[in-house]
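For the protein sequence lines, the chains are A and B, in the order given. Everything in the first sequence is counted per the numbering used here, starting at 1 for the first residue and increasing by one. Everything in the second sequence is counted per the numbering used here, starting at 1 for the first residue and increasing by one.
To be clear, the hints were calculated from the coordinates, so they are not data collected in a lab. Fair warning: this is a prediction, and the values are worked out from it, not measured in the lab. Just so you know, not all the hints are guaranteed correct.
Unchecked claim - Estimated spans, in silico, between C-beta atoms of each pair:
1. Asp16(A) / Arg86(B): 18 to 26 Å
2. His189(B) / Gly216(A): 40 to 48 Å
3. Leu96(B) / Gly137(A): 37 to 45 Å
4. Lys183(A) / Ala152(B): 44 to 52 Å
5. Gln132(B) / Pro92(A): 44 to 52 Å
6. His72(A) / Phe100(B): 42 to 50 Å
7. Leu96(B) / Ser116(A): 41 to 49 Å
8. Phe100(B) / Gly182(A): 55 to 63 Å
9. Arg86(B) / Gly137(A): 36 to 44 Å
10. Val151(B) / Gly137(A): 38 to 46 Å
11. Asp16(A) / Leu276(B): 38 to 46 Å
Claimed, not checked - Partial list, derived from the structure: chain B residues whose beta carbon lies under 7 Å from chain A:
12. Thr164
13. Arg168
14. Arg171
15. Ala172
16. Asp175
17. Gln181
18. Leu182
19. Gly184
20. Val185
21. Asn186
Note that the Cβ used here is the ideal one computed from N, Cα and C, for glycine as well.
Chain residues, written in single-letter form:
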Amino acid sequence: MKRLLETRSLTAGYGDFQALYGIDFHVDDGEAVAIIGANGAGKTTFLRTLAGQLRATGGQLRFADENIAAWHGHRMAEAGIALVPEGRRLFPSLSVEENLLMGAYTRRPGPWTLASVFELFPVLCEFRRRPATELSGGQQQMVAMGRALMSNPRLLLCDEISLGLAPLVVREIYRTLSQIRGKGLSVVLVEQDIGQAMKAADRVVCFQEGRVSLEGAPGTLSREQISQAYFGV
Amino acid sequence: MAEWINTLLQGVLLGGLYALFAAGLSLSFGVMRMINIAHGDMIVFAGYAAIFTAEHLGLPPALTLLLVAPALAVLGYLAQRLVFNRTLGDDVLRPLLLTFGLSIVIQNALQEMFSADVRGLDIGPLATANFQLGGDVAIGVLPLLVMATAVATLAALQWLFRQTRAGRAFRATSDDAGTAQLMGVNRQHVYALAMAIASAVVAVAGVFLVMRTTISPSDGPARLLYSFEAVIIGGLGSLWGTLLGGTILGVAQAVGAKLNPGWGVLSGHLAFLLVLMFRPQGLMPKTRDR
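The shape of chain A in the complex, shown without the other chains (with noise of 0.2 Å):
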């Protein structure tokens, strides 16, 4: 399989915060990678950092073959890179419809229309020219997946996406990101929920306190080491 994304020794972090000490980690042309990991192990910064909402202090970002490390931010979503960010933040201004519309703001071609969400999330077609955050949380959580993949990308990263949600509705989140990696895209997830990362990724990816401390197909980890990389017990 092909390498699309490689970061080699990725360091990042906030003023004279270092949250991530040297990331080593790559996604392959579809395939689908967890990282979990406790609070503050680093996630969302090194998701962040992918997704060019910050800037990386040191070592490499490669995607596509092409070395990202310095980019400016809005070019990561040209790439193909889009990410459904912590808390959903849908723009409250513009409607359901508007907000899918500025997903597509890159005008990536692709498979990803607004008809073809509205195929994938029937109800936000119901409510398309409702204010996005009248919405109940799933239907939020839809209008933020359906604005990444609007983009068209080739790599989403979803951050947290079960985060605060009824589990029916975190089930039915996680049927449809297995329908949308049918279209052969590639997906980095961030979870809490381990149970669900185990399910939906081919492999898992442990952070604990800004480094990768395990790493493997979700059948080869035994519970022993995944507590021993998560809590560092």
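Could you slot chain B onto chain A? The hints should help.
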């Protein structure tokens, strides 16, 4: 009676000019959350630019807009991209200080170039042309033209914001610039584009200002004040609100001046204070807190 109707009509139509003043200010606040203290001086600058092109190129007054508006749009884009953008961030004081400085620079540059004398644009018979409505009630052609332009400008801006890709990017960036960048929006460019549009509207306001009245280089701060008052009365971030705010301000000034020639400006301020007291969010607020 007819006198009062005329006063009210003049006030309403004056509101068109104030709405034009306010629209640019509202736009840069709405998109960048930036308060442009030099806004009034930019209007006066546009007025002098119109006088300059009319005198040197012999253009008819209204046609100077064809040169002044694109020129100001380009200047606005560059100023935002190269200078203003660097001051935007968590500290709201920096853009205030920068544009305050720019205000002084523009005033002094204008004095240097055009002297402190009062100047205007000779528009010939249009200055006094009016439609007689009977019973001594008349509407000035130029004020009506200004009002029509204001309505058309606001409608165009409304369309731009609601219906176009760039407008969506403006609103999304205003809501959450960081997330808009995730969508591929280059905020530096979007801000500069918004300032270019605001500056083009400033040009329209400035050209009509010198067609209606005379200006001097130090007139900017007063225009800024009227713009602010119209924006606040109408409600921050609402385009049609600026028209309402401008109209209320215009009527208040006209009525005040009618009661006593010295009360015009004062009664405009009083109307503004009344709105602040009883409806501080303005009459048609749109802007969300963030």
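Comparing the hints with the structure gives:
1. For Asp16(A) paired with Arg86(B), a C-beta distance near 22 Å keeps the hint of 18 to 26 Å intact.
2. Between His189(B) and Gly216(A) the CB atoms are about 44 Å apart, so this pair conforms to the stated range of 40 to 48 Å.
3. Take Leu96(B) and Gly137(A): their Cβ atoms lie about 39 Å apart, and the range 37 to 45 Å holds.
4. For the pair Lys183(A) and Ala152(B), the beta carbons lie near 46 Å from each other, so the given range of 44 to 52 Å is met.
5. Against the hinted window of 44 to 52 Å, the Cβ-Cβ separation of Gln132(B) and Pro92(A) comes to about 50 Å, which satisfies the hint.
6. For the hinted restraint 42 to 50 Å between His72(A) and Phe100(B), the CB-CB distance of approximately 30 Å leaves it violated.
7. At roughly 46 Å, the beta carbons of Leu96(B) and Ser116(A) sit within the given window of 41 to 49 Å.
8. Checked against the hint of 55 to 63 Å, the C-beta distance between Phe100(B) and Gly182(A) comes to roughly 57 Å, which is consistent with it.
9. In this structure, Arg86(B) and Gly137(A) meet the distance hint of 36 to 44 Å, their C-beta atoms being roughly 38 Å apart.
10. For Val151(B) and Gly137(A), the hinted distance range of 38 to 46 Å is satisfied, since their beta carbons lie about 42 Å from each other.
11. The hinted window of 38 to 46 Å between Asp16(A) and Leu276(B) holds, with their beta carbons roughly 43 Å apart.
12. Proximity of Thr164(B) to chain A is violated relative to the hint, the smallest CB-CB distance being about 11 Å (cut-off 7 Å).
13. With 7 Å as the threshold, the beta carbon of Arg168(B) comes within range of chain A, its nearest partner Cβ sitting at about 6 Å, so the hint holds.
14. Using the Cβ-Cβ criterion of 7 Å, the hint placing Arg171(B) at the interface with chain A is satisfied: the shortest such distance is roughly 5 Å.
15. Given the 7 Å rule on beta carbons, the hint for Ala172(B) holds: about 5 Å separates it from the nearest Cβ of chain A.
16. Hint on Asp175(B) holds. Least Cβ distance to chain A is approximately 4 Å, under the 7 Å limit.
17. The beta carbon of Gln181(B) is positioned within 7 Å of a beta carbon in chain A (closest approach about 5 Å), and the interface hint is therefore held.
18. Satisfaction of the interface hint for Leu182(B) is found here, the shortest Cβ-Cβ separation to chain A being roughly 5 Å, below the 7 Å cut-off.
19. Among the interface hints, the one on Gly184(B) holds; its C-beta lies about 3 Å from the nearest C-beta in chain A, closer than the 7 Å criterion.
20. With its C-beta approaching chain A no nearer than about 6 Å, Val185(B) sits inside the 7 Å limit, and its interface hint holds.
21. Given hint, Asn186(B) at the interface with chain A, holds; its Cβ is 4 Å from that chain's nearest Cβ, closer than 7 Å.
When held up to the earlier numbered hints, the structure conflicts with 6 and 12 and fits the remainder.
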